[in-house]
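Trainee: Now for the letters of each chain:
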Amino acid sequence: MPLSQQHTLLQELESIHQAMDAPLDPTTHDLLHQAAQLEKWPIAQLISIFERNNTESLIKRHAITRYMDTHPDLFGKQACIFGVTGTPGAGKSSLIGELCLSLLEQQPDISIAVLAIDPSSQSSGGALLGDRTRTQFPVNNKQVFFRSQASHLDLGGMGKATFHVMRLLRKFFDVVMIETVGIGQSEIEVQRLSDHTMLVMQPLAGDQVQFMKAGIMEVPDTFVINKCDEDALAKKSRHLLKASLKLAQIHLSGDEAEQAIFMTSATQRKGIREVAEYLLKVCSVDRPDNFDEQEVYFRNKWIREAYGEFGLGVFEHFKDKAELSRGTFEEKELAYKQLMANFLTKLK
Amino acid sequence: MSSDKQAHKLYDKEGKAIKDRPWIFRTYAGHTNVWASNELYRSNLGKGQTGLSIALDLPTQCGYSSDHDIARPEIGKVGVPINSLDDMKVLFDQIPLDQMNTSMTINGTSMWLLALYVALAEEQGVDIADLKGTTQNDLIKEYLARGTYIFPPEDSIRLIVDMYEYCLHNIPSWNASNICSYHLQEAGATPVQELAFALTTAITILDAIRDRGCFNEEEFERCVGRISYFVNAGMRFVEEVCKMRAFCEMWDEITTERYGVKNPKYRRFRYGVQVNSLGLTEEQPENNAWRILIETLGVTLSRNARCRALQLPAWNEALSLPRPWDQQWSIRLQQILAYETDLLEYPDLFEGSHVVESKVNDLKEQAYAEINKILDMGGGVEAVKTGYMKTSLVTSQGERMTKLVNGEQVVVGKNKWTEGIESPLVKGSDGGIFMVDADAAQRTIDALNKTRSERDPARAEAALKRLAEEAAQGVNLMEASIECAKARVTTGEWSDTLRAAFGEFRPPTGVDGQALNIENDTLTAVRKKVETFIETHGYRPRIVVGKPGLDGHSNGAEMIAVAARHTGFDVIYFGIRLSAVDIVQSALEENVDVIGISLLSGSHNEITDQLFEELEKHGAREAIPVILGGIIPTPDFDALYDKGIKRIFTPKDFDLMSVMSEIIDVINEQKRA
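So the protein sequences, as listed, match chains A and B. Basically the working numbering = 1-based index in the first sequence + 346. Basically the working numbering = 1-based index in the second sequence + 791.
Since the hints were made in silico from the structure, they are not lab data. Note that the structure is a prediction, hence the values are computed from the model and not measured. By construction, the Cβ of each residue, glycine as well, lies at the ideal position given by its N, Cα and C atoms. One should not assume that every hint holds.
[Claimed, not checked] Calculated cross-link-like contacts (lysine to aspartate or glutamate; reagent style EDC-like; alpha-carbon spacing at most 20 Å):
1. B/Lys1443 x B/Glu1213
2. B/Lys1408 x A/Asp376
3. B/Lys1277 x B/Glu914
4. A/Lys488 x B/Asp1373
[Stated by the list, open to error] Restraint-style ranges between C-beta atoms, simulated for each label pair:
5. B/Asn1396 x A/His379: 35 to 43 Å
6. B/Thr1323 x A/Glu358: 19 to 27 Å
7. B/Val1201 x A/Glu358: 51 to 59 Å
8. B/Ala1464 x A/Leu586: 55 to 63 Å
Only chain A is shown next, with the shape it has when bound in the complex (with noise of 0.2 Å):
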């Protein structure tokens, strides 16, 4: 790249700097307040501006972040997020939307999130988001937000936005469930930005235990096997999932484990409700932050996309400096991209 250039990109990126500076505009301020009420459309507009990939976006996403912080009051929430995995046909869509209606029965002041993620097409880019079809939500219910997100072809199966939208929405609901594509290494993914994660399985599917005997797929925290039309079936599958655990030497934890294989029929609503009172148990308990974690993870995920291991290693090297710690992750970020630009008009 020539010097000119380099000149530029530290410019541009200094006047993002001063951009990130002014306080926030007062239409996402008014989006800010009415989504703090749940409604719907603005906490939607909110999730699109988490979402984009441009300049504007990541000045408002470290503006918001910036104004929530300091506004506690109203975006005090800390919510419990559920992520749901388990290869595609499992019935996840289905067994999320029974959940819900059970939480929202069980507590009727409960408020929840769906975060579905469906795979974008290899060759368009484009994406089928289909799984609103598999839930039925009471409709104008503020306690009940749904949406689809893309995954871009991110290779982790997880929407490269999704990071960002559950730093969003983690402020304003009580639970939050992230549904994954299912396939490719979204378990990983999804167990970073989850307090809690449930494999869904269909009875008698012997794979995804080997997947986990493989050291593939991290050990969720809850398993159901969903689709358990018949009794004779769902026994059968659950003494098979214990064996093969056993087999595989995963102990599940402690005296839960019992608890945490459950048995499910969406269609028919079957042990629905026993795993939503689980659910609103592990909520209840005191959960720790493990927000740090994600951000360190997420932000290595992206300056190895950005930069290559190269970037990461620049990064162990400055790693001390201040600023590259310090602020919204937007800040951070906009920082090390500082740094880089630096280092590398440096280089020539």
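Knowing the structure of chain A, use the given hints to seat chain B on it.
Mentor: Relative to chain A, chain B alone:
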């Protein structure tokens, strides 16, 4: 003397040369309200029509009374509304039930309509054993193509089996259900898929009947003999002749081998036909008259595989609902073919043809392979739940659309020879289309209210209670439904009671994982527009595609959804039977750039109003543009644009990539505004 018989002649038992009796002439009819439809039926019967084919409106088909919110835009649009036994009385006024062969296009609520028909006969003192007719009642194709299902597959199959059980003992000449391949072809099925999916459906029903064990061997044979089919015939009429012959042979083989039916009479493939409406064009609509004639040949030429009953669409169906004159023109075609030509004087014309035999065997082989695949997957119900059949149909439809766009499949006036003199047929004062009288719906609602206020409330309540209890107990629900009918229970009440017992079902949409094979300059240009959009705005354009209202013909919406993804959109598609509220809510939650809705039932004006009202409520009317697709009559365009619709697409706009190009233009116009 048999030695004198000639191979080209037909003889009766006495050896006298004869001519075949023609098939039953039908016209699919019913609209506005029971008074108007009764008049129409009596006039059609007077014109030489020999059977009734009742079209019911969408609320009746989906189990809603006319005064339900979702019903109001649809009352009397695609058929006649029936709310109670009082409506049935008017509909069949002066029509002798014991002499009629009545076919009802009814599925989700077919048990209810049969119960009403039986109750009407009983109240009129007609012996119900003399009733003849058909309730369509094929739910599998509803899940796959037509969309008027209500209950989950298992419960739907139970209702069908209940009806077979009841009919065999009480109305022996009634076809409790009609296995339909018609709608599968409309939804894109190839001949092989038509054969395979229809026969799989029949196997699913017969297996369920057999498993219930309600019949002895002799009764079961008769029950197999009651299975009848409703088939489609398209433009490739030679192949269609072969398809029909394949159907006959396969049914004979399946009933022999799988069900051990000994009496050949009960193994006969009995079918009625409506020829293809999908291939009818909006462009140069007069050409459709020829198409209808050619399609008719496919199901009449081969005597061994000739239809029992035939109904023809009208030449202008791609424009809107046909007028009585349009239907009369189609009836005339049947009469000319049956009475002016010598068709009915000959035995089968194709016996011994190597070409036909080879083609039939090829179709059979492929169809058997597909049937076995589905049975291995767990059968018809399972293939509905997993979406296997639906996905296959959407794939075929995508391939068909691709061929149309590429010009690989020629459709005269549509993608070839598109220039021509304008048809004088569409120049009448009404634009050559039928308009439903808007005030007629009120008369239906008034009658419904009158029934409610005059009935014995205790009897109605008791009848519904019995229905609910017997639904839970697994008792055959026909008797309870007949009592509901007599107690003046309404269509909505009967359906709601069973909804509470069984739940409602949403089948897979079939669009997941679909891809188009279109690669052309338009696509390249649209993808470029999408790329520019992404560079400018930092995200992919988002569209929500939905079908509001009760109309379940989802092909168009599915194709747009698949095409939108093909060009690089993120597409939110969530199926059929959505309210304006559902669609607006998803558009808001998903923060889309454009809303696309598809409507074929004629309710576009009312539903557009509902949609804009809902957008207005959320302050989004100016922010999210709305486009409309479907069967939209040209005279309605201006009013729809005035309401705020940005673009209207009709079957003329079959080039999906051009449609997408316009949609991205709409989004860009909005962004600039």
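Trainee: Please test the hint of 51 to 59 Å on the beta carbon pair from B/Val1201 and A/Glu358.
Mentor: holds (56 Å)
Trainee: Are B/Lys1277 and B/Glu914 close enough, with their CA atoms no more than 20 Å apart?
Mentor: Given that 20 Å is the threshold and the Cα spacing comes to 8 Å, the pair holds.
Trainee: Take a quick look at whether B/Lys1408 and A/Asp376 sit within 20 Å of each other, Cα to Cα.
Mentor: holds (18 Å)
Trainee: Taking the CB of B/Asn1396 and the CB of A/His379, does the distance hold inside 35 to 43 Å?
Mentor: holds (38 Å)
Trainee: Evaluate the given range 19 to 27 Å for the C-beta pair formed by B/Thr1323 and A/Glu358.
Mentor: holds (21 Å)
Trainee: Starting from the range 55 to 63 Å, see whether the pair B/Ala1464 and A/Leu586 falls in it by beta-carbon distance.
Mentor: holds (59 Å)
Trainee: CA of B/Lys1443 to CA of B/Glu1213, is that 20 Å or under?
Mentor: The given pair, whose Cα atoms are some 15 Å apart, holds under the 20 Å limit.
Trainee: Hey, A/Lys488 versus B/Asp1373, does the alpha-carbon distance stay inside 20 Å?
Mentor: holds (14 Å)
Hint check: no violations occur; every hint is consistent with the structure.
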